[in-house]
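Q: Protein sequence lines correspond, in order, to chains A and B.
Residues in the first sequence are numbered consecutively from 736, following this note's numbering.
Residues in the second sequence are numbered consecutively from 20, following this note's numbering.
The reader is advised that the hints may include incorrect statements.
To be verified - Covered stretches of chain A, going by a simulated chain B footprint (3 or more residues, C-beta under 8 Å): (1) 787-798; (2) 841-847; (3) 869-881; (4) 889-902.
Stated by the list, open to error - The list that follows gives simulated cross-link-like pairs (lysine to any residue, SDA-like), each with its CA atoms no further than 20 Å apart: (5) B:K141 - A:H896; (6) B:K141 - A:A885; (7) B:K141 - A:R825.
No lab work stands behind these hints, which were simulated from the structure alone.
Beta carbons are placed, not taken as given, at the ideal position from N, Cα and C, and that holds for glycine.
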Amino acid sequence: MTVGQRPGRAARRGGKAVTGRPGRGARSIAAWPRPVRPRPPAWLLYRIQPLLAPNTFYRRLAGWLEGSRGRYRIFAAAEKTVKNEIFGCRMCGQCTLPVTGYACPMTCPKQLRNGPCGGVGSDGSCEVYPDRRCVWLVACERAEDNGRIADLQLLQRPIDHRGWGQSSWVNYWTGRDDGLWTTGDGPAPAIGRRAPVAGPR
Amino acid sequence: MTSAPSSLRSSLESARATVTAEVGPPRGADPAAVRRKVEPLRGWVAAVNIPDGQSAHVRMSNWAGSLLALDAGVEPVMQVTCRDRNRIALQSDLMSAAALGIPNVVLMTGDHPRFGDHPDAKPVFDLDGVQLVWTARTMRDEGRLLSGRQLDPPPSWLIGAVENPFAPPVRFRAARLGKKVAAGADFVQTQFVFDVPVFTRWMADVRDLGLQQRCKILAGVGPVRSLRALEFMSNNIPGLWIPDEIGRRLRGVPADRVADEGLAMCAEIIQQILRIPGVSGVHVMAPGFEHGIPEVLARAGLARAATDRPGQAEPATAGAARSARAAGTAGTGGGSGHAH
Numbered sequence: 736m737t738v739g740q741r742p743g744r745a746a747r748r749g750g751k752a753v754t755g756r757p758g759r760g761a762r763s764i765a766a767w768p769r770p771v772r773p774r775p776p777a778w779l780l781y782r783i784q785p786l787l788a789p790n791t792f793y794r795r796l797a798g799w800l801e802g803s804r805g806r807y808r809i810f811a812a813a814e815k816t817v818k819n820e821i822f823g824c825r826m827c828g829q830c831t832l833p834v835t836g837y838a839c840p841m842t843c844p845k846q847l848r849n850g851p852c853g854g855v856g857s858d859g860s861c862e863v864y865p866d867r868r869c870v871w872l873v874a875c876e877r878a879e880d881n882g883r884i885a886d887l888q889l890l891q892r893p894i895d896h897r898g899w900g901q902s903s904w905v906n907y908w909t910g911r912d913d914g915l916w917t918t919g920d921g922p923a924p925a926i927g928r929r930a931p932v933a934g935p936r
Numbered sequence: 020m021t022s023a024p025s026s027l028r029s030s031l032e033s034a035r036a037t038v039t040a041e042v043g044p045p046r047g048a049d050p051a052a053v054r055r056k057v058e059p060l061r062g063w064v065a066a067v068n069i070p071d072g073q074s075a076h077v078r079m080s081n082w083a084g085s086l087l088a089l090d091a092g093v094e095p096v097m098q099v100t101c102r103d104r105n106r107i108a109l110q111s112d113l114m115s116a117a118a119l120g121i122p123n124v125v126l127m128t129g130d131h132p133r134f135g136d137h138p139d140a141k142p143v144f145d146l147d148g149v150q151l152v153w154t155a156r157t158m159r160d161e162g163r164l165l166s167g168r169q170l171d172p173p174p175s176w177l178i179g180a181v182e183n184p185f186a187p188p189v190r191f192r193a194a195r196l197g198k199k200v201a202a203g204a205d206f207v208q209t210q211f212v213f214d215v216p217v218f219t220r221w222m223a224d225v226r227d228l229g230l231q232q233r234c235k236i237l238a239g240v241g242p243v244r245s246l247r248a249l250e251f252m253s254n255n256i257p258g259l260w261i262p263d264e265i266g267r268r269l270r271g272v273p274a275d276r277v278a279d280e281g282l283a284m285c286a287e288i289i290q291q292i293l294r295i296p297g298v299s300g301v302h303v304m305a306p307g308f309e310h311g312i313p314e315v316l317a318r319a320g321l322a323r324a325a326t327d328r329p330g331q332a333e334p335a336t337a338g339a340a341r342s343a344r345a346a347g348t349a350g351t352g353g354g355s356g357h358a359h
C-alpha cells in the first residue's frame, strides 16, 4: 500500500494507521510476528510428542502425501490450522517446538531461534509488543517446569527459508529436518546442515 | 590476508583492565565528525565500538565509521546487527571488514526497527545473534561460508558478542552467554550496569559455567548526566534496568551538580565492577559525551596508557595513506554495497 492512498485496516476501524499491532486475532499471520503463549500445558504436549515420532507408518504416510500435490496441500493446510490455533504457527516448515517448551520462537518479532533478546522488559514483556509476554520467557518457564531446561542450550542452526509453507510433520517423518540444532559441546560445533530442509514443492 | 595486530586482543590478554568505548557515528556526511569523537579517546581505550545504526536509527554505517576511527589512530570494533541484512550481506560485510583491516567485530541481533527513526522498515532478522557469532567463527576458523564455500584467505577478527545480564529470564542469562561462547565469542560487552549486585550474581553464574576462561567479559558502563537523560534511558532503551538508587542520588544534589554526580557514580560503578573476579574490563557508553569519557576513566583510576601518546600513535604519512584508501573505498562501495 502506498502511504497516503488508503488508510490501513486499523485506521478504518478508528485506530492508529501504522502501529506495532497489526491485524486482530492473536493467531493472525500479519506484519511482524507476535508472541503467542500456547494454552495446552507443556507436559501434555511432551506426552503427545512420542505419538508423532517417525516410524514406518509415518514414513509411508509422508511418502504418500508427497506423491500428490493435492494431498500434500490438504495435509499442510490442516497442520497449519491446528498449529496456528495452538501455537501461532507461521509454517516455517522446520519445527523446533519439542525443544522450546512448546512455545514457538517464530512468533518472536525477531524470530530468534536461540533464546530471548536483550530487550525483554523487567516485567517479562516483549519489547516490540509490551502487552505480551516474551515468548522465550514462556519457553524457558515451560521447559524448566518439565525438567527440559537443557533443551535451551542447544545451538539452533539458521533456518532454510525455502521451507516456509511446508509441512514440518512431513519434514520430520522423512528425516529432512534432522540437524535443525546441535549440542554446543566440543570445540567447534558445525553450523552447516548435512542437507537442506528441501526445495519448494 | 588480515593478520591485523589487534590492540584489543593484546589488552584482553594482559592482566590490566581493558577499556573500550562506544563512538556514535554521525547523521551526516562529515568524516571529521568521527575523528572529533575518536581523537580524545586515543590512549585511553584499547578500541572504540562503531555501532551499526544504533537504536535502529540511520547513521553513518558501521564499516565507514570503523575506517574513519582507524584513520584517527584508534582501533575499531565494528558492530554488526542482524536487523538490516540477510546472511549474504552479513557475510559479505564481515569479509569486507577483514579485508579493510578492521580487526574486531561485535555481533548481535540488534534492536527492532520499531524503536528507530524508520519504524516502517522491513525487519530482516534472517540470522539471530548466536547464529551470526557462529557464522563468523566458521568463516574465521574453518575458512568457510554458511554455504560451505571456501574463503581464501579467511578473516582473522576477534569476535565479540553482547549480553544483557538484567533482562528476564535473569537465571538463564549466563547460560545464554554460554551459547554465544559455544558459538565462538572471544569477548562479550554487556548492557549498561547500574545494578552492581545483580551484575555480581550474573558474574557468579558466569564463573560457575567457566565462561570467563573462554570469553573475556567487558561490563557496559556509562554516566547519567541529567535527570532528563535518566528518564530517557529508563523509558527508551529496551532492556535497560536502572535501580531507584541512581535517581535518588541524582535528585539529592543541586541541579548544577547533577552531571558531576553522574560522573562520580559511573566511576564508582567501574571501580566496583573491576573488583569482581572474572571481569576483564569495561565498555563505556556515553552517547554525545564521548569527549568526557577520559574524565570518567581518570576518576575511576584507569590511567591513560603511557605507551600511546598522541603524535606517536599514528604517523602522519600512514594516516594519509589510510585516508586515501578509505576515501576510495567509500566512493566505490558506499552506493551499492551498503544500501540501507
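Q: Please go over all the hints and tell whether each is borne out by the structure.
A: Results for each hint:
1. 787-798: With 0 residues in contact (Cβ-Cβ under 8 Å with chain B), the coverage given for the region 787-798 of chain A is violated.
2. 841-847: Result for this restraint: holds, n = 4.
3. 869-881: Answer holds; 5 residues pass the 8 Å Cβ test.
4. 889-902: holds (count 5)
5. B:K141 - A:H896: Holds, because 16 Å separates the two Cα atoms, which is no more than 20 Å.
6. B:K141 - A:A885: Given that 20 Å is the threshold and the Cα spacing comes to 34 Å, the pair is violated.
7. B:K141 - A:R825: Within the cut-off at roughly 18 Å; holds.
Consistency with the previously given hints fails for numbers 1, 6, ordered from lowest to highest.
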